[in-house]
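Asks: Residue-level listing of the chains:
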Amino acid sequence: MSERQLIVGIDLNRSQPQICYYEREKENTVTAPMKVGNDAASFREIFDGIEELDRRDPEGEADNTRRSELERMAGETMKRALYTLGLDDPAGQIAGITITVPVLTRSVVHLVQSIYHQLGLSGNRAFLQDYKESCYYHTIYQDRDLWTRNVGFFIFEGQDVTFLAMNKNTQTRPVTFTMQEGITVTLKQDRDSWDEQFYNMINASLRQNVFSCIFLMGSTFERSWAGRSIALLCRAGRKVFVVDNLYARGACYAARERVVQRKFPDCLYLGEDVVRNNIGMKMTIQGKETYYPLITAGVNWYEADTSCECILIGKEHALHFLLSRMDESRQSVSVMQLPEMDERPEGTSRLRIHLFYESAKRCVIEVDDLGFGELYPSSGKVWREILEG
Amino acid sequence: MARDSGGVTGMSIAVLCQIKRTDHPFYIRDIDLNIYSIEELCWFLNHNLALAGDAFFDDSLQGWVGEELKDQHLVRTMENIRREGDRITDKMVHAINAETGWIYVQDREAFEKAMEANHHLPAPERLRRRADALVGYRKYARAIEDYRKILSLDDLEGLGAQFIGTVYNNMGVTYARLFQMDEAVECLKKASENLHADQTEQNCLCAAYLSGGEKSFENLADELKTDPERRNRLLEEMKNSKAPDPEGDIDSLLGEWVQDYHRETGL
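Just so you know, the protein sequences line up as chains S and C, in that order.
The first sequence lines up with residues 0 to 388 when you count with numbering that gives the first Met the number 0.
The second sequence lines up with residues 0 to 266 when you count with numbering that gives the first Met the number 0.
Just so you know, these hints were derived from the structure itself, not from any lab.
Note that the coordinates shown come from a computational prediction; the quantities given were computed from them, not determined experimentally.
Just to be clear, a hint being listed does not mean it is correct.
Unchecked claim - Only some residues are given here: those of chain C computed to face chain S with a beta carbon under 8 Å:
hint, residue
1, Val14
2, Trp42
3, Asp89
4, Phe162
Said to hold, decoys possible - To give an idea of the chain S side of the interface with chain C (calculated C-beta under 8 Å), a few residues:
hint, residue
5, Met282
6, Gly286
7, Tyr291
8, Leu293
9, Cys307
10, Cys309
11, Leu311
12, Glu315
13, Glu342
14, Gly346
15, Arg349
16, Glu373
17, Leu374
Every residue gets a Cβ at the ideal spot worked out from N, C-alpha and C, and that includes glycine.
With the rest of the complex left out, here is chain C (with noise of 0.2 Å):
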């Protein structure tokens, strides 16, 4: 072990942590995670507060908190902020980071704004965001759930064409990683039509090859109107493309995609 006399800069802290790990996790169900210590929720909250609505710190989490973690000072605090019932995500993400000292925020500052610009967006920004959080986890069908749910929402002229574009995209993408081709083709036309956007033509593009090969392509390019330099590209591109070629056992291949099913869509 190296010794010397004085201090290091650029040296690591360590954060004492005081509160134990649990025996029992909390379980999220959204994204099929479980938690086992009070460093971890804060850490997810910090980083996943599109998937925390005020729901998500109900009697389950306060229990947990209670009988696992045994922080009775979180408690006491947790009970106070649902019983006031006024911005309880705000509250419980800053009394959870407080009771880890903060030890996952910089710079406070920045953080209270962004806290602040969290609690006034609007519903369907806000769904979109959690949906799209729960595309990262890759719990695909969950999230085609909440991009349905905001489509289907009754004032979506007034949220522009780039939104409604922009959900279409994300739902259309979603499908595709889903391998449900057409519903994929569906949704990216969609959002062409409302972004114009070179990025989603081309997605769509390809999902309509992926889905009914080179001729469903060609009808779409077609309907689109693609610049025929443009689609002539992208066409080779899709035909040099080569599917992936496992190496090993195909049979634990298959069954490793199986477990992904599964986890992607909570079926």
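For reference, chain S alone in the conformation it holds in the complex (with noise of 0.2 Å):
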């Protein structure tokens, strides 16, 4: 493989982690369970071992040495599973890259940033996602005719079925995509019962919404029990797919519209993840008050991390933000005070603005006094808040 060449996708889970990678010389995708050697990769140790410490520490203030070696030993597997395949340069060979997991949490980011900073790829070309983002990628990457309406997901896990619903909103610009969970209903031990069960999901999930395609996931979904369900599926000209490693494929695809080529510019996907808010300051730039985005409304919050550094002018030591939702031209303003500044000359107080995510709704902003060099140094102060929301 040469250099910088491939877009990968990563279906990151516990037991059954899949690769989907995307040769761009050769216009090839290949779809593979990921191995270290002859053995199947495994990630259960590693997740067990987060879910553990997310349990007995939920802040994730303490235990960082066991988190450390969690993280360590997944950027360990990480790196052996890619060896096997013949990528032992990541750094040099990967061109753009996304990890999807099933549910991201606060610790589950640090987990992927950490493997990203093992394997070397910064975060202008290494992705992170969940398996809806990855259902939502995977889904815009087909055929246009069939997401011209909702599209549902009916995900097998053992003789649990869940609902997953993309709908889509063509009244904005760009047209807003989202996925809505339906019911999970669980099948009976008795299999000849599972075509009514299933049936009766199919009946309560679709209801009156028009979805143009269906796709099936999962390897306990098989058409030899399913006749009555796969003709409701497929009543009035509905698309009915079988899919295997959808998330993994979806993950590869999300990293080719990122890195690769901006397919889809007229549509967003507006997941949980989502940041809704824009986050922006009336800013002083070369004499002119401007409106100066900080964060733009419809970033995942764990990728959503921007500082800046500004003089106050002026005898109010306070920062003024001002908040939009990203469907609303209304703007707000948050205050935020800077209690017990140094009182310096006019225009000596240098600021360093960090804004970051702790969740999809819980920004984190920090303030640093700078000083002004020799002439005023910095009293070390650090001012922090948090905007809810």
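Mind docking these for me? Both chains are given alone in their own frames, and the hints should help you get the complex.
Replies: Listed below in structure tokens is the structure:
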């Protein structure tokens, strides 16, 4: 494989991690289970360990040694799994990568970021998303006719079946997509009753809504037991597909969309991890008062991390942030006071403003007093505020 | 965090810093100061115009702007100004202010007038302002060097008694800050002769007292023909003034004084 030609999607889960890679030169997509040597790669111990730590220490303030150890193990396993596939220099061979996980938590975000760090992959070509977002990317990379309306997913995990609906809103520009989790049904032991149970579940899930396409995932589903159900799914010309490795493929498509070519600039996915607020400030730039965007709504919370420096001029020791919802034009102002800020001559207070998210609805703002060089050294003060919502 | 939906009167303005602070500073030798950003440079120049002659804007500053600030636009402007060679200081200060969006200038018209007035200052007056600015940064030895330069100029008589007296007074006070009381007395005597001001005479007598005690004070008061009532009052004040009572470790205080001395004299 030649230099930085690979686009990679990885479905990172406990026991059956999958990889999907796309070679740009050959335009060839390959999906395979991840292996370390001849054995299937397993992240079970790592995910179990992280969950255990999260139960004991939800704020993530203690147990840093164990956490670091788990992150190191994950990085090592990933390196070896990639090596097995011939990727001995991920930083040199991968042009873009997305890892997808079932659910994003702060710990999982740190875990994946640590893996990327260990692989030498930086933020502008290494991404992270949950399964729902992978479903979205997988869908939009199919023929457009398949997603003219809503799209449904029936996900079989053992005897549990979960319904997921991808809803499309064409009233907005760009067109927005959301994922809505529906009912989960546990199929009874009696296999003969599965078709009826699934038939009822389809009826309850699709109701009167218009779905242009349905994807079925998971090894439990078989045509042999699902005759009535399939007929119902295919009613009214709906397209129905049974797919494997959807999450890894979706992750790979996401990396392509982000790194290689923005094929769908008119589409925007609004997942649960998406930041819904625009945050900015009125700043003076080259003598003119201008709206300066800090966080733009539509990015995932774990990718929203920005900082800038400013000189504060005036007697009021406060910063004014302008907030607006992504679907509203009205702005509100949040005032962050900077108590006990040093009194200095006008224009000699330089501040660093750092914004990052702890979850999609919890933005942290940190402001550092940088002082003014040797003329007015920094007090070392740091102010911290949380912006909820 | 407080929320509201409208503007607030009297709120501060945040000015975006578009150019990063540098890892390596620009060193202003005259006052032993390191500068790390375009804003610091701009603020320094606007407040210390007297310290910024044409020579300030040399290759080393231009190199720092290019290599550390990475501001190629300003480098090109500086190159042009230096090539033209006309009113270098004015144009450089103007260019640096423009680069920061004039954040440190509220009244452009007043600023331009001040720059114009500065440009037309006679050389000795400019040198005096420079020396006074150095005193402000406690660079006493360098300030004295500049005061001496002024007093060695050929057309000193043409500058007027007021100007010469002020130079001697400021030099005398600077000597006093270095605890060189004999030199301080000599300068302040000359200042008093030129200015005929009570404050100068008072400075002179105080320096004499600190230099040689009551006897020196009395001798100088005779020489200056100080009013007897004033002379007695001043002497009483000097006698009653207490030496500072250092709290804590005397060795560390002396250490601080030594450091101050090095900083102030540049030795």
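Asks: Classify the hint on S:Cys309 as holds or violated, based on whether any CB of chain C lies nearer than 8 Å to its CB.
Replies: Holds, because the Cβ-Cβ distance from S:Cys309 to chain C comes to roughly 4 Å (cut-off 8 Å).
Asks: For the restraint on S:Arg349, tell me whether the closest CB of chain C is nearer than 8 Å.
Replies: 7 Å, holds
Asks: Quick check on S:Leu374 please, does its C-beta sit within 8 Å of some C-beta on chain C?
Replies: 6 Å, holds
Asks: Hint check: is the beta carbon of S:Glu373 less than 8 Å from a beta carbon of chain C?
Replies: Constraint on S:Glu373 satisfied, holds at 5 Å.
Asks: Given S:Cys307 as an interface hint, is the shortest Cβ-Cβ distance to chain C below 8 Å?
Replies: 6 Å, holds
Asks: Hey, does the S:Glu342 contact hint survive, CB to chain C under 8 Å?
Replies: Status violated, d = 13 Å.
Asks: May I ask you to test the interface hint for S:Leu293 with respect to chain C, counting a Cβ-Cβ separation under 8 Å as satisfied?
Replies: At 11 Å from the nearest chain C Cβ, S:Leu293 fails the 8 Å test, so the hint is violated.
Asks: Holds or violated: S:Met282 as interface residue toward chain C, Cβ cutoff 8 Å?
Replies: 4 Å, holds
Asks: Classify the hint on C:Phe162 as holds or violated, based on whether any CB of chain S lies nearer than 8 Å to its CB.
Replies: Nearest chain S Cβ about 30 Å off; hint violated.
Asks: Next item in the hint list is C:Asp89. Is there a CB on chain S closer than 8 Å to its CB?
Replies: 20 Å, violated
Asks: Grab the minimum C-beta distance from C:Val14 to chain S and call the hint holds if it beats 8 Å, violated otherwise.
Replies: 4 Å, holds
Asks: Using Cβ atoms only, decide whether C:Trp42 comes closer than 8 Å to chain S, and label the hint accordingly.
Replies: 6 Å, holds
When each numbered hint is compared with the structure, violations occur for hints 3, 4, 8 and 13.
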